[in-house]
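Based on the provided sequences and hints, a complete structural model is requested.
For the protein sequence lines, the chains are A and B, in the order given. Sequential numbering of the first sequence, starting at 1, is according to the numbering used here. Sequential numbering of the second sequence, starting at 1001, is according to the numbering used here.
For the record, the hints were derived by calculation from the structure and aren't laboratory data. Hints may be right or wrong, so weigh each one.
[Unchecked claim] Here are the simulated DSS-like pairs of lysine-lysine, each with C-alpha atoms no more than 30 angstroms apart in a straight line: (1) B:Lys1233 x A:Lys77; (2) A:Lys147 x B:Lys1233; (3) A:Lys147 x A:Lys23.
[Unchecked claim] Part of the chain A face toward chain B, derived, beta carbon under 8 angstroms: (4) Leu7; (5) Asn55; (6) Leu58; (7) Gln75; (8) Lys77; (9) Gln79; (10) Leu89; (11) Leu123; (12) Asn126; (13) Ala130.
The C-beta atom is built at its ideal place from N, Cα and C for all residues, glycine as well.
2 protein chains.
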Amino acid sequence: MKSEKILNLSVDCVVFGYDTNTKSLNVLLIKRFLESEKEILVDDYVLTGYHVYNNETLDDSATRVLKELTGLTNQYKKQFKAFGNPDRLTNPKDLIWIENEEFNLRTVTIAYYFLLKTEDVDLKDNKFDAKWFPINALPEIGFDHEKIILEAYEDLKVKCLSEPIIFKLLPDKFTINEVQDLYQSILGIEIDNRNFRRKLINKKYIIALDEKQVGVSKKPAQLYMFSMDIYNKMFSKNYLISM
Amino acid sequence: MKSEKILNLSVDCVVFGYDTNTKSLNVLLIKRFLESEKEILVDDYVLTGYHVYNNETLDDSATRVLKELTGLTNQYKKQFKAFGNPDRLTNPKDLIWIENEEFNLRTVTIAYYFLLKTEDVDLKDNKFDAKWFPINALPEIGFDHEKIILEAYEDLKVKCLSEPIIFKLLPDKFTINEVQDLYQSILGIEIDNRNFRRKLINKKYIIALDEKQVGVSKKPAQLYMFSMDIYNKMFSKNYLISM
DNA sequence: AATTTTAAACGTCATAATTACGTTTGTTTT
DNA sequence: AAAACAAACGTAATTATGACGTTTAAAATT
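Given below as structure tokens:
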């Protein structure tokens, strides 16, 4: 019953960041660069991940990885899939270790995604050489991490239509058009502004503030906030057949 | 980097079975019974699960477990969550092994759920002492398996509203009322028959057959089938904001 | 100070979907 | 032939959606 193979447990984190300025959904990736005497072995990007410590929960492990990468805690986090096929590799650290020892390793990774605002992350003197990439313009990606990113993205697209996680990617005070831009960026579709506006304003959990944008060079837009309290009250124990 | 703890990788399977006769959603559980010289140590029910073999994918492992339990293959399967907190135990086999050796084991389980019809499973002379339990009347459940079942159930409730997995739980030819009963069983709600009927019949992927029920003691109902082909054509690359 | 520019905000209308009910129909059983 | 009853059909008010046109308010320009 015991495995002769060495089993390695890790978490990998797909960090989604929305950039309000460029109106783009981005993924935070770190550089993987290995060279031997004469040739470059790998030169691509990968997700951040790490071994799960012995006395650490999976969730805590993901939270730790995010914190080391971005300095942030308390961001929206979702465990969305485990990847553990016998032939998969992952994570720069694992690879180095494999080269020193033997190749008889199986890495199971529990994949999480996070939602946050790019503006909340300071990438200056980041020890991982981390960089944001638009979800639609990913670079060369190592291991099976592109697959992981795309599965996270699919999950996000579905999730953002059924739960109000979108607001984790916006400032506390936002305009209707900012919400629309965000939906368009995530879903990759165009939405009619007038219909979207009407629909969103009619939601009881979208609350108009006594404030407008400042410092814009056109007519300043009305600011709104999202009320999680009202949302929760509305959706407790309600399911609707929408198929 | 290497773990002093022994890491154990397993799959656990939540097998949902719908019973058309009793109109109930059930979970297939196996008996866990261990007794020492004088006392009963455990006497409850657990999910089926097993260690993941060295050269086996996670999906294949779950498929194998289902086959050993039910004899069935090609049923709807979904990997929905990994459970791997450092203090968790699982699976009768693990426990026996732990008692013989030391307690320094961490079991990470990749949890799957399956959807099938209870009538497709023959529980006669089942080596696991397996039994169906209505989702709303679960027995005493061992380890953290009740949590796993409830999370699978939540996932199923959401999933059955956005994808046509419901038809995996029905015969190929079904009546409108059977579909309604199933939705009601899964979601735990009452649905207006007249509105439900109209809505379902209007779906292009619900096809009326030239057949009616036979051997019923009231007016026999019209039979319908679900067309996956038509469904796929309709929903390729379509997202709608329904929040 | 008036005009232009432009995003924000509002309006309309036809169609489709939903909710909440009442009524009829077609078998089987009595 | 009548009763029983689930199946199946119908209706009307309300709400949501999709596809557009129009107006407004502030800033920038003239």
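Check each numbered hint from earlier against the structure, then list the numbers of those it violates in ascending order. Per hint list: 1, 7, 8, 10, 11, 12 and 13 violated.
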